[in-house]
Amino acid sequence: MDKLLLFINAAMLAMFVENAIFSRALGTSVAFYASRKKESIFGLGVGITYVIVISSCITYFIDGWLAEWQYFYVVMPLIYTVVVSIVYTGSLLIIWRFMPKIFRNIKKYVHLSVFNAAVLGALFLNTTYHGDFFSYMGFGVGIAAGFFIAVFFLHIANDRLNSPLIPEAFRGMPIMMVFIGIMSLAFYALTGYNTGAI
Amino acid sequence: MNRPTNEELLKKIEDAPLLMAKEAASKKLRKARSIYGDQILFMLAITVIATCFSGWRVVAVCACSVLCCILTDMTGCFLSKKEYGVKDLSTIAYGMALALMLPASVEYYIVVIGAVLAITVKHIFGGKDNYIFNPAAVAIAFLIICYPTQVLMYPQFGAHPELFGDTGTLVSSIESSFIKNGAMPSLSPLEILMGQFAGPIGTTHILVLIVSAVCLICRRSVSLSATVSGMAVIGVLSYLTTDVQPAIDSTVFRFISGFVLFGFIFLASDPQTLPLTNGGRVLYGIALGTITVIFRNTANIEGVFVFSLLIVNALSLYLDKLWFMIVTKTKQLIRYLRLNLGSFERMSKDAKQGKTPALTDTQEIMIEPVNYNMPPIDNKVTKVKRHKKPIYESISDKISDAVKKRKKPSAQIADNADNSEINPKEAQDGSGKTDEAAEDTQK
Amino acid sequence: MAQAKQMKPLKTRKSNFKFTRDLFDGLAKQNVVLMTGIVNAPVIIAATTFKKGVVIAIAFALISFLTIVTCSFIPKKIVYTLRVIIYAVVGSVYYIPTVLLLEQMFPLTVELIGIYMPLIITNALIFSKTESRFYLENRLKMIVDVLFFIAGFSVICVLTGGFREVICFGTLAGIKLFDFSIAAFESPFGGFILVGIMAGTFRALYNYLRNRRIKQNAAQHNAEAVKVYRKASSQNKKDAGTPALQSGNEK
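Protein chains in written order, with our numbering: chain A, 1 to 198; chain B, 1 to 443; chain C, 1 to 251.
With the rest of the complex left out, here is chain A (with noise of 0.2 Å):
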């Protein structure tokens, strides 16, 4: 129950507090592609969190082998893009042998779910954080999760993004930076702020 409680904590905390786009910018243009259709949130959304959680799994382990030497900040960034490498690699050789079709629906975007910011950003937060195991995986899921959340915000806001009303200078990226930024700003009162007058 702990362990079920530590993990429900620190889902919870990656996906409105640390949350992946509105908090930390991470996966942006992703977002950004990810919200034309409603195929591509889901695919993307699974894709982003199938290789977070296994990866935390194993930087969880190396996080603790390797934690106590001083220049492990140097080369963490080699070994995570490894981990996420062999966890790539090995998950589209198994979907190539035993699911041909799934894989020649998935080759040409799944680089995208895999080698962006969320992915490896959720692994030095979880590194910078540093729980158990659970929380780790826990923070894991809460990033993609919070990803989710984000592009779903964008898809069912794209119709009025994409109006002829908005003046055309801010069509398209300009206005969704200013539509994240409000929800940045709402999703910022959950992290409190120190307003002085308290």
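There may be inaccurate statements among the hints.
Quick list of in silico lysine-lysine cross-link-like pairs, DSS-like style, CA-CA up to 25 Å [unchecked claim]: (1) B/22 to A/37; (2) A/38 to B/329; (3) A/108 to C/76; (4) C/215 to A/107; (5) B/87 to B/31; (6) C/215 to B/82; (7) A/37 to B/321; (8) A/107 to C/76; (9) C/77 to A/101.
These aren't lab readings, by the way, just hints derived from the structure by calculation.
No experiment lies behind these values; they were computed from the predicted model shown.
Dock chains B and C against chain A, hints included.
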């Protein structure tokens, strides 16, 4: 001209019932101009009462906010080459709402920043027909985070801050002391109703707000479904999750602090950001109430309502569709249960009334009608994919075929043997064959 | 067999890059922050002061340039799904000397930037722009093009950092300018809104200048066309012996 693709056409067909429902709902709604007009009227009444308690600075702050909103709107229309709508009262409504959520002692430059930001956000999102977030809520949320000491500190009740210059001693709100110390304010019901405590200009006069809410609901300028559902959710969740006793006092306190009452009346019911259908509005109220309570319990900040309103404004684009999906799926489920799980007597009764196809002595087997002469939608001949059997099925078929083949010769011999035995009936009556034919068969 | 070979699709694509026309794409038309928005996170979250902006720009320049140039030697026969891994590993390898160098020069700033320093490895310039643009050009053009793209990012990063430092703290590069400050603008929402408004303003300016250039070019082109037509028509009249057309009949 580009012809629409088949996918776009199918999407239009799928969305058609939802669009028809939205159109039907929008026809029943009042015009936005009259809604804003009503809101301005009641906000003016609140301003008059606030002026009696807090002095002429209230009028100055409101006037400054409204003037800046109008000037920014004119500039925005000029830059985007649109005609400035004099009859558009939304700008004045946002300006007044923003001013009434600020303290009477606020600096004028902060009012200017808030007003300019509100109308700029409205224009960036495409003007009065396309914005997603309530501009006043965006502005006040921004000011709360950027200028907390100026925006969250208020003059004492009854103090009259000067028009220019000294604003007197400032105190924190009752919500702030609750968050800091967990202490409930010791106010009598009369003091609460008359707004005899420190707070923003327009959110403390609870009696006036209640009367405004009732009048605006009667005039259909405020959504009854969104307001009632939102307030109910806040009440119930606050009652269940509070640590402070008595719980009812804590629940009442939740309503009178943090822009909740004011927000439901003048911000949440913005006709542009509100869902069109009644069901969507109920979901809107539920989401707003839930997120407000969650923010209150987890974040421990002041003015939580405006932040949750921003999130629900973004969500409200989907709530009509969600409600429509819930209704259609529920109807489909009920229809399925009625057709497939009903008793034979009820189904025969439905058949007699003509609701289902007529039943015979043995129940008819329903076959889905196939239109053989229906032309394909996209003029393309699509191959029907054969169902590919899973491996275990094909293997089991092969095994059963092999077993049958092995059984066949022995089965034939057994059959012949059965046939060669003399049928006793035939022995009595004769098989109808002549003796010569019988000899032939024996051979 | 010969027919099958003829029908085989082309495996190599050629670039449409023209040195004179597309040289400044990275700075303006396809700026990675303001126009295409493919590299955002470090600018929005980490570039909150002028110094941080400079450090991020240097790190981005070193890692991206070295990775793109090194990976241009990887044979294209390797499937893209595997080449992507090599790009990521090469980027991580170049990160090591970059961060050690910057730590020597700006120790506190590198620590404040935090996780956004290693996240430069996963920037879209390395993973998507290489395949769609850089590796279709010859090496010299590619190097110049990459430099301009990196310059475009660096300018915006430093400008954003400086602007935010002025708004948030009233200082620039540590020098106190005035007392006015909005400290909360350092938060992510400040970065998003600022980059969004900057992008919109930049696009409006770019569109205005482009339309003005098109109008000027069109007017110049029309004037030249009228001259050519008049010259041709007068020549025709001389040859045919008919009176020249009056200017009023010309369109």
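Evaluation of the provided hints:
Distance check on the hinted pair: residue 22 of chain B and residue 37 of chain A sit about 23 Å apart at the alpha-carbon level, within 25 Å; holds. The suggested pairing of residue 38 of chain A with residue 329 of chain B holds, with an alpha-carbon distance near 20 Å, which does not exceed 25 Å. At most 25 Å may separate the alpha-carbon atoms for a hinted pair to count; residue 108 of chain A and residue 76 of chain C meet this at roughly 16 Å. With a C-alpha separation of about 45 Å, the suggested pair residue 215 of chain C and residue 107 of chain A falls outside the 25 Å cut-off, and the hint is violated.
Under the criterion of a C-alpha separation no larger than 25 Å, the hint pairing residue 87 of chain B with residue 31 of chain B is consistent with the structure, at around 12 Å. With a C-alpha separation of about 24 Å, the suggested pair residue 215 of chain C and residue 82 of chain B falls inside the 25 Å cut-off, and the hint holds. Among the hinted pairs, residue 37 of chain A with residue 321 of chain B is consistent with the structure: their alpha-carbon atoms are about 17 Å apart, no more than 25 Å. Simply put, residue 107 of chain A and residue 76 of chain C have alpha-carbon atoms about 17 Å apart, close enough for the 25 Å limit, and the pair holds.
About 23 Å separates the Cα atoms of residue 77 of chain C and residue 101 of chain A, which keeps this hinted pair within 25 Å; it holds.
Figure legend: structure checked against the earlier numbered hints; the only hint not met is number 4.
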